[in-house]
Amino acid sequence: MTIQEEQDEIIADFEFLGNNWDDKYEYIIQLGKELPLIDPQYKKEENLIKGCQSRVWLHTDFKDGKLLFTADSDAVITKGLIALLIKVLSGHTPKEIIDANITFIDAIGLTSHLSPTRSNGLLSMLKQIKLYAVALQSKSLHS
Amino acid sequence: MQDSQTILAPSTLDIEVIRKDFPILEREVYGHPLVYLDNAATTQKPEQVLAAMDEYYHTINANVHRGVHYLSQRATDAYEAARHTVAEFINARHTHEIIFTRGTSEAINLVAAVFGKKFLKPGDQVLVSAVEHHSNIVPWQLIAEEKGAALKVIPVDENGDLVIDELDHLLKGVAIVAVNYVSNSLGGINPVREIIAAAHRHGVPVLVDAAQAVQHLTVDVQELDADFLAFSSHKLYGPTGFGILYGKEEWLNQLPPYQGGGEMIRTVSFEKTTYNDLPYKFEAGTPDIAGAIGLAAAINYVQNLGLDNIQQAEHSLMSHAIDTLTQIEDFRLIGKFDAAHRAGVISFLVGNIHPFDLGEILDKQGIAVRTGHHCAQPVMDRYCIPGTVRASLAIYNNRTDIDRLAAGIKKAAKLLA
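Just so you know, the protein sequences line up as chains A and B, in that order. The first sequence begins at 1 in this note's numbering and counts up one residue at a time. The second sequence begins at 144 in this note's numbering and counts up one residue at a time.
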């Protein structure tokens with residue numbers, strides 16, 4: 001699936017859940033439990049994302065021209081949010097990630113429901129993922 | 144205003160009547176009636192405070208201590224009356240021992256900066272406790288670094304109690320002690336009397352951070368024999384951005400000014416400036432006049448209810464809270480004080496649930512608590528936890544609030560497990 005198709009699927013899932021915040025959180029928490037967990041060796045200081053009230057580790061692999069993300073957090077809701085981001089962005093090329101217009105966070109009404117610290121944390125994660133993509137892209141352009 | 148001595152008996156403090164003084168408590172959050180349990184961060188403001196500030200701006204707004212005109216005189220009178228109200232509230236010997244600041248943080252920064260400038264020498268130590276707010280750590284670190292001094296820490300035990308057996312030993316080489324009366328992160332009432340008495344035996348002055356104390360307990364600076372004491376208006380039902388530094392006259396007179404500007408000077412020439420008397424020496428620039436008037440209205444409000452009555456009502460609610468919450472499966476109190484040794488704050492975790500997750504699910508149920516390290520990272524490190532959920536009480540909280548909190552925690556635990 002393309003990044004846009006992944007986003008559309010998430011948006012459809014959340015539309016199905018309606019306005020019931022319990023169900024939305026239950027869904028996010030469930031996603032968190034299914035998150036592709038980071039190898040413990042990568043849960044190190046350099047992989048910690050700044051700007052989150054909970055601790056978030058994000059590890060990046062680059063295989064066959066595609067970026068693969070694994071992550072973990074000590075907070076369950078945070079894990080669910082990372083899972084959403086990873087579902088959308090993992091397995092794509094740096095260029096696809098750089099060009100992606102991430103709309104699902106607003107579309108599923110998360111920004112109005114999440115506490116500001118939480119949505120800031122989510123944006124920090126997105127920024128970090130995009131930074132990885134930019135770094136790899138410029139490396140491949142120069143090599 | 145009713146005299147604080149002629150108050151109703153404790154059992155007749157009617158919380159439901161008090162709640163009506165706080166208009167914000169009527170609002171809903173996410174479709175639920177608001178349960179506001181973040182009072183250690185800031186309290187809500189009663190109508191009486193809002194009205195006093197409104198009236199100031201509507202009827203007598205003018206700059207103080209400057210004008211020859213009628214309004215300036217009225218504003219100055221109201222502003223200085225507020226200082227008198229604060230002095231009586233904490234039983235200061237003199238009204239000029241009350242310095243107006245922007246809050247507790249600024250008050251501590253002021254003392255750290257000017258006391259440090261005058262008295263700290265290389266190798267000296269500043270003694271703080273292990274349960275301080277960052278505001279009572281960082282200002283001392285800043286000046287200590289500049290002066291080649293260092294911080295020393297009164298340890299805390301597993302229950303959250305300060306370990307003061309070794310105090311006489313700890314006090315060697317100490318130039319000043321800075322401790323909080325009530326810990327903002329754990330809620331324990333610290334043995335400040337013992338600490339002050341021990342420090343004075345060694346000739347060492349003590350600053351008391353009373354930010355979490357004045358709204359819950361009677362604080363008498365003469366009885367405590369505190370050399371400096373700081374608190375904020377906004378945690379005492381008053382406006383934000385305003386606070387108090389109390390200092391004994393003999394200490395304040397020895398200290399150099401903090402900031403320069405209008406008000407704090409007597410004469411200025413390019414060769415030499417002479418400084419004003421207390422308290423103005425420490426109050427540069429046009430002050431927060433409405434803030435002072437708002438705080439005075441808040442103090443009148445509190446004294447009208449009576450701090451003893453407030454303490455009794457809060458104690459009773461705290462007992463109910465501890466009884467109710469500790470029934471919850473896997474509930475972990477951080478700081479194991481009973482209701483009698485606790486003021487306002489319950490810090491807790493549930494099982495291994497991250498406090499941030501728990502706080503978010505409580506928020507969605509209209510329950511406002513604080514999560515995280517509460518600006519007291521060393522405390523969280525001491526207990527090896529990422530933070531806590533902190534529920535903190537004020538006089539308008541009732542049993543319904545606690546029961547809603549308990550139900551909210553159970554719901555969150557089920558969802559997050």
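What the hints contain is simulated information worked out from the structure, not anything from laboratory work. A few of these clues could be false.
[Stated by the list, open to error] List of simulated lysine-lysine pairs, DSS-like, C-alpha gap at most 25 Å:
1. A/Lys33 with B/Lys557
2. A/Lys33 with B/Lys315
3. A/Lys33 with B/Lys554
4. A/Lys43 with A/Lys127
5. A/Lys87 with A/Lys24
6. A/Lys95 with A/Lys24
7. A/Lys24 with B/Lys557
8. A/Lys43 with A/Lys63
9. A/Lys130 with A/Lys44
10. A/Lys44 with A/Lys139
11. A/Lys24 with B/Lys553
12. A/Lys24 with B/Lys554
13. B/Lys261 with B/Lys315
14. B/Lys415 with B/Lys261
15. B/Lys415 with B/Lys479
16. B/Lys290 with B/Lys260
17. A/Lys24 with A/Lys63
Quick caveat, the model's predicted, so the values are computed rather than measured.
For each hint, the structure was consulted:
Taken as a hint, the A/Lys33 and B/Lys557 pair is honoured in the structure, with Cα atoms around 15 Å apart against an allowance of 25 Å. Proposed proximity of A/Lys33 and B/Lys315 is contradicted: the alpha carbons are some 53 Å apart, above 25 Å. Proximity of A/Lys33 to B/Lys554 is assessed by CA-CA distance (about 19 Å); at most 25 Å being required, the pair is judged to hold. Annotation: proposed proximity of A/Lys43 to A/Lys127 holds, straight-line Cα distance about 19 Å (limit 25 Å).
For the hint linking A/Lys87 to A/Lys24, the alpha-carbon distance of about 17 Å falls within 25 Å, and the restraint holds. With a CA separation close to 31 Å, the supplied pair A/Lys95 and A/Lys24 exceeds the 25 Å bound. At most 25 Å may separate the alpha-carbon atoms for a hinted pair to count; A/Lys24 and B/Lys557 meet this at roughly 15 Å. Under the criterion of a C-alpha separation no larger than 25 Å, the hint pairing A/Lys43 with A/Lys63 is consistent with the structure, at around 20 Å.
Restraint check for A/Lys130 and A/Lys44: the C-alpha separation of about 20 Å stays at or below 25 Å, so the hint holds. Proximity of A/Lys44 to A/Lys139 is assessed by CA-CA distance (about 24 Å); at most 25 Å being required, the pair is judged to hold. Restraint check: the Cα-Cα separation between A/Lys24 and B/Lys553 comes to about 18 Å, which is no more than 25 Å; the hinted pair holds. Pair hint A/Lys24 plus B/Lys554 holds up; C-alpha atoms about 15 Å apart against a cutoff of 25 Å.
Of the supplied pair hints, the one linking B/Lys261 and B/Lys315 holds, its CA atoms being roughly 19 Å apart against a limit of 25 Å. This hinted pair checks out: B/Lys415 and B/Lys261 have alpha carbons roughly 20 Å apart, not beyond 25 Å. Distance restraint check for B/Lys415 and B/Lys479: the Cα-Cα separation of roughly 56 Å exceeds the 25 Å cut-off, and the hinted pair is therefore not satisfied. For the given pair, B/Lys290 sits about 8 Å from B/Lys260 by alpha-carbon distance, which is consistent with the 25 Å threshold.
Proposed proximity of A/Lys24 and A/Lys63 is contradicted: the alpha carbons are some 33 Å apart, above 25 Å.
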